[in-house]
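Listed below, chain by chain, are the residues.
There are 2 protein chains.
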Amino acid sequence: MSKTQTAASMALHDSETASAMVETGRAARAAGREMALASTDQKNLALAEAAKALRAATLAILAANLRDVEAARTADRPASFIDRLTLDASRIEAMAQGLEEISALADPVGTVLAEWTRPNGLRFERVRVPLGVIGIIYESRPNVTADAGALCLKAGNAAILRGGSESHHSATAIHAALVAGLRKAELPEAAIQLVATTDRGAVGHMLAGLDGNIDVIVPRGGRSLVERVQKDARVPVFAHLEGICHTYVDRGADMEIALPIVLNAKLRRTGVCGSTECLLVDKNAHDDYLTPLVKALLDAGCEVRGDPATVTCDPRVKSATPADYGHEFLDSIIAVKTVDGVDEAIEHIARYGSQHTDAIITECGGTAERFLKRVDSAIVLLNASTQFADGGEFGFGAEIGIATGRMHARGPVGVEQLTSFKYVVRGIGQTRP
Amino acid sequence: MSKTQTAASMALHDSETASAMVETGRAARAAGREMALASTDQKNLALAEAAKALRAATLAILAANLRDVEAARTADRPASFIDRLTLDASRIEAMAQGLEEISALADPVGTVLAEWTRPNGLRFERVRVPLGVIGIIYESRPNVTADAGALCLKAGNAAILRGGSESHHSATAIHAALVAGLRKAELPEAAIQLVATTDRGAVGHMLAGLDGNIDVIVPRGGRSLVERVQKDARVPVFAHLEGICHTYVDRGADMEIALPIVLNAKLRRTGVCGSTECLLVDKNAHDDYLTPLVKALLDAGCEVRGDPATVTCDPRVKSATPADYGHEFLDSIIAVKTVDGVDEAIEHIARYGSQHTDAIITECGGTAERFLKRVDSAIVLLNASTQFADGGEFGFGAEIGIATGRMHARGPVGVEQLTSFKYVVRGIGQTRP
Numbered sequence: 080m081s082k083t084q085t086a087a088s089m090a091l092h093d094s095e096t097a098s099a100m101v102e103t104g105r106a107a108r109a110a111g112r113e114m115a116l117a118s119t120d121q122k123n124l125a126l127a128e129a130a131k132a133l134r135a136a137t138l139a140i141l142a143a144n145l146r147d148v149e150a151a152r153t154a155d156r157p158a159s160f161i162d163r164l165t166l167d168a169s170r171i172e173a174m175a176q177g178l179e180e181i182s183a184l185a186d187p188v189g190t191v192l193a194e195w196t197r198p199n200g201l202r203f204e205r206v207r208v209p210l211g212v213i214g215i216i217y218e219s220r221p222n223v224t225a226d227a228g229a230l231c232l233k234a235g236n237a238a239i240l241r242g243g244s245e246s247h248h249s250a251t252a253i254h255a256a257l258v259a260g261l262r263k264a265e266l267p268e269a270a271i272q273l274v275a276t277t278d279r280g281a282v283g284h285m286l287a288g289l290d291g292n293i294d295v296i297v298p299r300g301g302r303s304l305v306e307r308v309q310k311d312a313r314v315p316v317f318a319h320l321e322g323i324c325h326t327y328v329d330r331g332a333d334m335e336i337a338l339p340i341v342l343n344a345k346l347r348r349t350g351v352c353g354s355t356e357c358l359l360v361d362k363n364a365h366d367d368y369l370t371p372l373v374k375a376l377l378d379a380g381c382e383v384r385g386d387p388a389t390v391t392c393d394p395r396v397k398s399a400t401p402a403d404y405g406h407e408f409l410d411s412i413i414a415v416k417t418v419d420g421v422d423e424a425i426e427h428i429a430r431y432g433s434q435h436t437d438a439i440i441t442e443c444g445g446t447a448e449r450f451l452k453r454v455d456s457a458i459v460l461l462n463a464s465t466q467f468a469d470g471g472e473f474g475f476g477a478e479i480g481i482a483t484g485r486m487h488a489r490g491p492v493g494v495e496q497l498t499s500f501k502y503v504v505r506g507i508g509q510t511r512p
Numbered sequence: 080m081s082k083t084q085t086a087a088s089m090a091l092h093d094s095e096t097a098s099a100m101v102e103t104g105r106a107a108r109a110a111g112r113e114m115a116l117a118s119t120d121q122k123n124l125a126l127a128e129a130a131k132a133l134r135a136a137t138l139a140i141l142a143a144n145l146r147d148v149e150a151a152r153t154a155d156r157p158a159s160f161i162d163r164l165t166l167d168a169s170r171i172e173a174m175a176q177g178l179e180e181i182s183a184l185a186d187p188v189g190t191v192l193a194e195w196t197r198p199n200g201l202r203f204e205r206v207r208v209p210l211g212v213i214g215i216i217y218e219s220r221p222n223v224t225a226d227a228g229a230l231c232l233k234a235g236n237a238a239i240l241r242g243g244s245e246s247h248h249s250a251t252a253i254h255a256a257l258v259a260g261l262r263k264a265e266l267p268e269a270a271i272q273l274v275a276t277t278d279r280g281a282v283g284h285m286l287a288g289l290d291g292n293i294d295v296i297v298p299r300g301g302r303s304l305v306e307r308v309q310k311d312a313r314v315p316v317f318a319h320l321e322g323i324c325h326t327y328v329d330r331g332a333d334m335e336i337a338l339p340i341v342l343n344a345k346l347r348r349t350g351v352c353g354s355t356e357c358l359l360v361d362k363n364a365h366d367d368y369l370t371p372l373v374k375a376l377l378d379a380g381c382e383v384r385g386d387p388a389t390v391t392c393d394p395r396v397k398s399a400t401p402a403d404y405g406h407e408f409l410d411s412i413i414a415v416k417t418v419d420g421v422d423e424a425i426e427h428i429a430r431y432g433s434q435h436t437d438a439i440i441t442e443c444g445g446t447a448e449r450f451l452k453r454v455d456s457a458i459v460l461l462n463a464s465t466q467f468a469d470g471g472e473f474g475f476g477a478e479i480g481i482a483t484g485r486m487h488a489r490g491p492v493g494v495e496q497l498t499s500f501k502y503v504v505r506g507i508g509q510t511r512p
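If you're matching them up, the sequences are chains V and W in order.
According to our numbering, the first sequence is numbered sequentially starting from 80.
According to our numbering, the second sequence is numbered sequentially starting from 80.
If we strip away everything but chain V, and leave its shape as in the complex, we get (with noise of 0.2 Å):
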């Protein structure tokens, strides 16, 4: 094929995806108008059906799984990066389980916020609807398909969701159990669609909101994804692109409340957007509260990168750089820092933190509830492990994600931040004077 030829059939291409997307956006925005108006009890059969549907299909969806991970394996792709993608018996039976979780999770829609009357009469209630048709963009992680879309159904949303092309096979054989759940369910089939992989530039159609039929993106994956994703998206979008996750050791901290919390917090699991990257100790206390903590983290197994005051508590401490301030390891590396007193810490935590989640240890209120008011964190925890950040510790049931910025959602998302609301008006023949 000649090179003009190529260009020609790649626009073409090109423009069959995007009739193909906005017309995957009109279905959705139609499905999330019926999904809206839809039962509890349907929303919640179509996902109990849907876990059947998936246990039914487990061997189709091993299947299909083998062939994803065969691919991966001949492109030489990273043993994490198969591992994630590799489903078991187990892991189709934890994804079902899911769904039942989910279903068994209380309905947002329709919950009452707020309700008032004002001296005319007029009695208003704030209600609670589903936000509309939620794009998810991921990698290439099977399991997201059917957390990502059930959430969405619960919370009576349409779903756009589009995975890695790497795990494609497995995401189709896993959303044809969602679709069989909605169909038992007689909810529309769109509630819940997934792109085609093959469809060229579709993650940057989903980007630009699909003409007005996709209200909220949600990446999930890694840094890359979620900058491009924050860079290009023309809507809003849920999300954390890092956790740089503070603990500060006061000087009113009880060492024996502290210590654990910092090896947890740290080492619970390092991967974790809220692991703990950087521990602030006050230099101020009576006793030696750095030592301790420095060498416990190290006995653990953690390299531990300090300022001049951390070295000298140990020899295997090395000497921080600036750029380890600041920085998400995800991994048994930590950044030390003494510091002055609370407000150094929260000016610390002001210029190198991500706004996701971070923990003073104290037993002074006074000291406590002047970090908890000053740090300026979605997630703000006071004698606490910050591997507490996540929606299922929260009580939310499951969450999509966890999102740092300001706007709708903040913290843990789940069902009750993938709706919106409205005002209920009722009168009995009021005019404005």
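Keep in mind the hints are simulated off the structure, nothing from the lab.
On a predicted model such as this, the values are computed, not experimentally measured, just so you know.
Warning: the hint list may mix true and false statements.
Any copy will do: because identical chains look the same in the list, a pair fits if it lies in one copy or spans two.
[To be verified] Calculated cross-link-like contacts (lysine to any residue; reagent style SDA-like; alpha-carbon spacing at most 20 Å):
#: 1; residue 1: K452; residue 2: G484
#: 2; residue 1: K452; residue 2: G420
#: 3; residue 1: K452; residue 2: F203
#: 4; residue 1: K362; residue 2: A375
#: 5; residue 1: K310; residue 2: A364
Go by the hints and put chain W onto chain V.
Frame of chain V, contents of chain W only:
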């Protein structure tokens, strides 16, 4: 000056604007951080002192306004424009009273929106915090400077105001009073900044978000301004493009209620966004509901453009064209259509409405609830005039506008809608298993 010189000087001017605007954004962000920690008393003092300063500066403001008005007259601007631009002593007093009313509103910041305790003993609070930095882009209405600046201040935000160039002398004089109030309360002057209209391209920089230093844009003005802002903004926008409001008179309506509501909804003020632009009448009523409604509108001086059934009611009725439905007249003109019951009314509104405000008149509870649930507008009303679409009428005290989007704010945008929230989590040493 040669063409090249002009271009060079313009380029220089553009880069000066760019750096001035970046500086404005940075100063706003820094001021916003301080404002977030300001006490209620401090914010209320700033508002009270600004009101005093406004009154004290009446003569200076009138002199500045005269310059704007004379320039507008010289430029042959229409009378309605000049009316909106012109200040007198009573309008300045009204502005001062507006500041005092905002001062009297409850402070939303710090309110606990929800609290719960998890089985592990962690205590969760969802606490209101300011939104951050709010950009307001408005036309030549000097009072917006005071109203918008004060609302942002009350909610603990920083404001960047960019008013119409033809009101710039007036806005500058009013802004000086706001700054005087901030100074008296020892709050940062940069909490309310007025962008000089000599800065070329300032609006474009604001729409791009000033390097992440504007959290939301609120346009205040006509359709073309809102359209441009919605099209070009890279940050969230609180706005409505149009208020295509409907009133549906159901077969179950009490005509003694319906008649005054329809007249009020259309004619109380025709230029406001909550004015009804289209009357839908159920064709299945036992009596003729259509004729008395149409005649009353005509007798009140309203032009009626109707479907064939409406045309037969009265010789003064004009035939509606398709373009009359979904049209925002903002005038004494109404489109009228007969529909086959509530479901056709709902369909008509879904097709032609602007998701702003729509009302049903009926005594039938089932029909009312069907309409209130299924009409997807920011405000839905039963047996009341659409002209209640106003923050003051909702009890919000004051509003910065009405939003028809679904994200964050919807309906009247008052101080509460100018806030975000954060999660405060208090533990006694909990670690995550």
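Each hint tested on the structure:
1. K452 to G484: The answer is within: 18 Å in one copy meets 20 Å, while 30 Å across copies does not.
2. K452 to G420: within (16 Å within a copy, 54 Å between copies)
3. K452 to F203: between (32 Å within a copy, 14 Å between copies)
4. K362 to A375: Within one copy only: 18 Å inside, 79 Å across.
5. K310 to A364: Neither: 44 Å inside a chain and 55 Å across chains, both beyond 20 Å.
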